[in-house]
Structure formats: C-alpha cells, structure tokens
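Student: Taking the hints into account, I'd like the entire structure generated from these sequences.
So the sequence lines, in the order shown, correspond to chains H and A. Taking full-length UniProt numbering, the leading residue of the first sequence gets 1, the next gets one more, and so forth. Taking full-length UniProt numbering, the leading residue of the second sequence gets 1, the next gets one more, and so forth.
Mixed in with the good hints, there may be bad ones.
As the list claims (entries may be wrong) - One-sided and incomplete, this derived list gives chain A residues near chain H with beta-carbon spacing under 10 Å:
no., residue
1, 57
2, 121
3, 124
4, 125
5, 168
6, 169
7, 173
8, 178
9, 200
10, 201
11, 210
12, 266
13, 280
What the hints assert, rightly or not - The calculated DSBU-like cross-link candidates involving lysine-lysine, where the alpha carbons are at most 35 Å apart (straight line), are:
no., chain 1, residue 1, chain 2, residue 2
14, A, 267, H, 209
15, H, 93, A, 124
16, A, 269, H, 186
17, H, 186, H, 116
18, H, 175, A, 124
19, H, 202, A, 269
20, A, 107, A, 226
21, H, 252, A, 267
22, A, 267, A, 240
23, H, 175, A, 267
24, A, 124, H, 186
25, H, 60, H, 209
26, A, 269, H, 175
Think of the hints as simulated: they come from the structure by calculation, not from any bench. Where is the CB? At the ideal position from N, CA and C, for every residue including glycine.
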Amino acid sequence: MTRIHRKSVKKGFDFTLMVAGESGLGKSTLVNSLFLTDLYRDRKLLGAEERIMQTVEITKHAVDIEEKGVRLRLTIVDTPGFGDAVNNTECWKPVAEYIDQQFEQYFRDESGLNRKNIQDNRVHCCLYFISPFGHGLRPLDVEFMKALHQRVNIVPILAKADTLTPPEVDCKKRKIREEIERFGIKIYQFPDCDSDEDEDFKLQDQALKESIPFAVIGSNTVVEARGRRVRGRLYPWGIVEVENPGHCDFVKLRTMLVRTHMQDLKDVTRETHYENYRAQCIQSMTRLVVKERNRKDRSRN
Amino acid sequence: MDPLRRSPSPCSSSRPSSPSTPPCETLGPVGIEAVLDQLKIKAMKMGFEFNIMVVGQSGLGKSTMVNTLFKSKVWKSNPPGLGVPTPQTLQLHSVTHVIEEKGVKLKLTVTDTPGFGDQINNDKCWDPILGYINEQYERYLQEEILITRQRHIPDTRVHCCVYFVPPTGHCLRPLDIEFLQRLCRTVNVVPVIARADSLTMEEREAFRRRIQQNLRTHCIDVYPQKCFDEDINDKILNSKLRDRIPFAVVGADREHLVNGRCVLGRKTKWGIIEVENMAHCEFPLLRDLLIRSHLQDLKDITHNVHYENYRVIRLNESHLLPRGPGWVNLAPASPGQLTSPRPLKVCRGAHDDSEDEF
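Tutor: Here you go:
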C-alpha cells in the first residue's frame with residue numbers, strides 16, 4: 001500500500017473544477033477562498049459596454065498547490081458571460097461543447113499508441129452557482145443543469161448566502177432540492193456510506209446530503225473577529241466568518257471537494273460520464289461504418 | 001386638476017408668474033399668505049394620488065420594499081421561499097390602498113411586474129411595461145379631450161418607476177441598460193441597488209460609482225433630471241441626491257428588538273440589519289425622496305413633461321389642428337410607435353394654462 005501511496009504522491013494529483021453561473025455571484029472569490037489562491041488577482045472586470053457584446057467564453061487557470069509533500073495540480077475552468085446577456089438562449093452550449101471536447105481528446109489519446117503521458121483534462125466537477133435572490137431555481141438554472149447533468153458531476157451552490165437569514169436559507173434549500181427532483185436533474189450523488197461505518201460518520205454523511213445546495217460565502221480579505229484573524233466580510237452590523245460552520249457551508253464544501261470526495265468525483269467522471277460519452281461515440285461511429293458498408297453493398301449489387 | 005399648481009400672480013393678466021415679473025408695490029398687508037392655507041385645506045379635502053411602479057427580477061425584494069416604504073401590508077408578501085412559481089410571461093398587476101396620516105389621505109397605487117427579466121430570453125421584456133405606462137397616458141388624454149370633462153380626472157399615470165438593480169457588485173447588466181434607456185424617456189425612473197445587505201460598504205461605493213458612470217455613458221437620465229432643476233436651491237438639493245443615486249436599499253417587514261427599541265430589520269446570525277439606520281443602508285433616503293420631499297415634484301414632471309411629450313406625439317399622429325369647437329376622436333395609437341425610444345423634450349413648465357386648442 002505504501003508503495004502505491006508513494007508513487008501517487010510523487011506523481012501528484014490533478015483535478016479539474018468548473019465554475020458556472022451568472023456574473024456577480026462570487027464565483028472567483030469562492031475559488032480563491034477554497035484553495036487559498038490568488039488566481040483572479042489580475043482580472044479586469046468587463047465594463048457595461050463590453051458586456052453587451054460579450055458571448056460565453058471558456059477560460060482555464062491552472063495552479064499547483066503543495067501541502068505536506070502532496071502536490072495537487074488544480075485547473076479551474078471558468079465560464080465568463082454565461083447568463084449575462086438579454087437573450088441567453090442556449091448559452092450553455094459552449095460549456096457542453098467544451099466538456100465533450102475534453103472527452104473526445106481523452107478518447108483519442110486513450111485509443112492511441114503512446115499512452116504513457118495522457119493528459120487528463122476532463123472536467124471532474126462543476127460548481128453551479130444559484131442566485132440567492134430568486135425564488136428557487138430560475139428557468140436558466142434548470143436548462144443548464146439538464147443540459148449538463150449527463151456530462152459532468154454537478155454540485156449546486158447557493159451563492160452569496162450572507163444575504164439570507166437562517167430561515168430563508170432553509171426554505172430556499174428545501175425549495176431547490178424539491179425543484180431539482182421535480183425537473184429530473186441528476187446532480188452529483190454522494191456515495192452511501194457502508195453500513196459498518198460508525199454512527200458519527202453516518203450522521204456526518206447524512207448532514208452533508210441535507211446541506212445541498214451548499215450555502216456559501218467567500219472572501220479574499222482577512223478581518224478581526226472574536227480576537228482572531230479570519231477570512232470574512234465586515235459589515236456595519238456584524239462580521240461574517242467564512243470558515244465558521246455556523247455562518248455558512250463553506251467548510252462543508254471544502255471538506256467534500258478536497259478532503260473526502262475528490263477521488264470519488266474523478267471516479268464517477270471516469271466510470272460514468274466518460275464511459276457514456278465513449279459508448280455513444282463508438283455507437284455513432286459503428287452506425288456510420290454500417291451505413292457506409294450498406295451503401296457500398298447496395299452500389300455493388 | 002392639480003391642487004398645487006402655482007396660482008397666477010395677482011398683478012399680471014393670465015400668465016403664470018415668472019422670475020422676470022417685477023413684484024407689485026403694496027401699501028399694506030393684503031393677506032395673501034392665506035392662499036397657502038386655502039390650498040392646504042383643499043389638498044386635505046381632495047387627498048393625493050400617487051402611482052408607483054416597481055420593476056426588477058423576482059426575489060430582489062420589491063414587494064417587501066413597498067411594504068417597508070408605506071409601513072403597511074400593501075402587498076401580502078409571500079413567506080420566503082414559498083413564493084408562486086415564476087410566471088412564464090411578464091404580467092403587471094396593481095394594488096390600490098388609501099393611507100391616511102394626520103388627516104391627509106394618500107391614494108397609493110403600486111404596480112408590480114412579476115416575471116421581468118426572469119426568462120432565458122428576455123428580449124423585449126420591457127414592452128409590456130412601456131405599453132402599460134403609455135396606456136395610462138392614453139386614458140388621461142382621452143378624458144382630457146372630452147367636451148364635458150370631469151372636475152377631477154382620475155390620475156392613473158405612473159409617477160415614478162423604481163428599478164431594482166441586482167447587487168452583483170460589478171456594473172449594470174445589458175438588460176438593465178436596455179430597460180433604463182427606454183424607460184427614462186417615458187417616465188421618472190429611480191434606480192436602486194436591491195438587497196444591498198450582500199455588499200460591504202466599500203463594495204457598495206465602488207458599485208455605485210460604476211453604475212453612475214454607466215448611466216452617464218449611455219445617456220440615461222434618471223430622476224431627478226438635471227435639466228429640470230429650477231433654481232439654485234433645487235440644484236443643491238438634487239445634486240446631493242444625484243451623488244447618492246442609486247440608493248443601496250434593504251427592505252424588511254419584520255420588527256426586532258435592538259437596544260430596547262423596536263426596529264424594522266433583518267436578523268442574521270452575525271447581527272441585525274436595521275432598515276432605517278443610515279449607517280446600515282440608504283432606505284431612509286429613498287423613502288424621503290419618494291414621499292417626504294419629492295412626491296409632488298415627481299407628479300409635476302410626469303404631468304408637465306412626460307405626459308405632454310406623449311400628448312404631442314399622439315396629436316401629431318392624428319393630424320390634429322385646431323378646428324374649432326367639437327370633440328375630437330383620436331385614432332387608436334399603434335403599439336410600434338409608442339414603444340420605440342423618443343428624444344426627451346425639455347421645457348418643464350411650458351404647459352400653458354390656456355386650453356383654447358379645442
């Protein structure tokens with residue numbers, strides 16, 4: 001076991017995370033908070049005039065994180081322009097196409113001759129940001145998730161949760177969960193824990209499942225709260241602490257994403273989403289070949 | 001029609017008083033101030049009408065804001081989260097209440113616009129709103145051109161449109177700009193930053209400056225419009241307001257105990273946001289603007305500018321020229337002409353008292 005462990009530690013891990021949602025929901029701030037990075041430091045916000053002409057883009061930022069000798073190559077895929085136009089019909093298409101392209105590239109590499117250093121750019125997880133200002137899911141949210149739930153693991157996030165009171169958070173979470181079920185959206189399912197796990201773990205697991213969508217707050221600034229310096233947001237009426245589980249689900253999300261479920265997210269991507277894509281690909285290729293063969297047979301006779 | 005229209009100065013003939021008319025020399029007090037009392041009594045008897053419209057995406061706190069403004073359950077706001085499903089098309093609906101305070105009656109009509117900007121494709125989602133506003137102008141016009149007119153024409157025209165900008169913290173969205181550009185030419189628009197409790201003070205200021213810049217770049221003239229400042233006092237007062245617009249507002253219809261006082265606010269885990277506390281949000285500025293200081297001004301500009309613009313265009317369409325006595329039957333307005341942006345005609349107060357066109 002230690003040999004396998006040492007080998008993977010040497011190689012390092014990689015993880016591709018996509019963030020999607022309207023602009024202004026705190027996506028960049030959350031990414032920076034989650035991974036304690038400065039990925040968006042030099043970002044220039046588009047002005048109003050530029051936004052009018054903007055189309056949906058896909059951007060990638062990669063960062064290497066090292067902790068206690070373990071290296072993680074993290075790739076963040078962002079979708080600026082999504083949901084920002086007056087007419088957002090099919091604005092999810094560029095995103096779906098990007099995901100498919102990564103699958104296609106992997107498929108080619110995997111079917112090729114030299115498979116030593118295949119680069120895995122497949123998207124392992126998509127954090128979809130739901131606005132806290134709506135009454136649950138908006139039509140665009142439903143359309144996006146339905147278009148992508150068969151392609152990538154979707155983890156819904158309730159953004160900017162510091163604008164909601166505790167009863168409002170509960171209400172919105174319940175409503176969103178109910179709507180996700182009603183519309184048949186298949187979000188990422190946490191694997192059921194084994195029946196022989198201890199009670200604490202089971203309770204924790206249950207709590208995690210009931211926290212969906214994660215109500216998060218992000219911050220790039222450090223504030224002084226209760227005598228300690230913490231990541232937070234300073235308001236005239238109080239201080240919001242990002243890492244306080246009583247204030248928001250940030251810690252739950254980070255634990256899930258990095259500490260407990262990263263490998264499962266990659267496994268599901270590989271075993272389910274990628275396999276679906278590959279099967280479809282092969283089927284359509286086979287269909288083409290059969291069609292070609294039939295055509296040739298017909299022309300010969 | 002309008003109880004507070006300035007009465008003509010006793011010295012000149014039938015023209016309204018202007019700054020260049022020299023004051024009369026009087027030999028003793030005549031008791032002119034009593035006219036103010038007469039106006040006041042008349043106003044109290046007749047009451048005021050005020051119509052506002054709230055526009056913005058669902059969930060931005062429009063209904064709550066209206067309830068907070070008028071300290072009454074104008075809208076029975078839905079409990080959080082269990083609201084009605086987003087309507088598929090934009091529907092407007094109005095609610096009228098009479099609010100009475102110290103003997104003064106205010107007939108308040110609030111028009112809500114659920115479904116605005118909520119669809120995937122929001123192209124032309126402003127058309128029903130423009131249509132509604134113009135319909136109210138049309139209604140008034142039809143009443144005004146009758147031979148036998150009512151003593152007091154019921155005024156359903158929208159005096160103020162409060163536009164709720166979502167607190168993204170970045171800048172105005174394309175939808176905001178499209179809407180504001182079209183509506184500022186038809187009605188008084190007051191933009192506000194909705195749900196401002198999601199922004200820290202620095203974020204608010206930066207957002208506000210960016211919005212102001214966006215408004216300037218796209219030539220969007222929000223209320224109070226610079227060109228209508230009548231004198232230096234107006235200018236000073238309105239400049240202060242223009243510096244703070246859009247106001248960062250928070251609405252609440254629940255009361256909480258803070259330091260022994262009962263205040264309207266939102267209770268979160270990290271503190272209570274007091275709606276009427278200027279250190280927390282700018283709701284008092286919005287309330288003062290709409291009710292305490294600029295209510296009459298909003299009505300005046302609606303009547304003297306926006307309605308007049310509408311009237312001129314309609315009359316030109318119908319090729320009307322003074323033909324002598326008779327009731328003129330106007331052709332119904334075609335929807336296309338009324339929803340495209342028109343240049344804003346200036347000259348407030350050009351409205352003449354003379355009605356000898358008909």
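Student: Against the structure shown, which of the earlier numbered hints fail to hold, in ascending order?
Tutor: Of the numbered hints, all hold.
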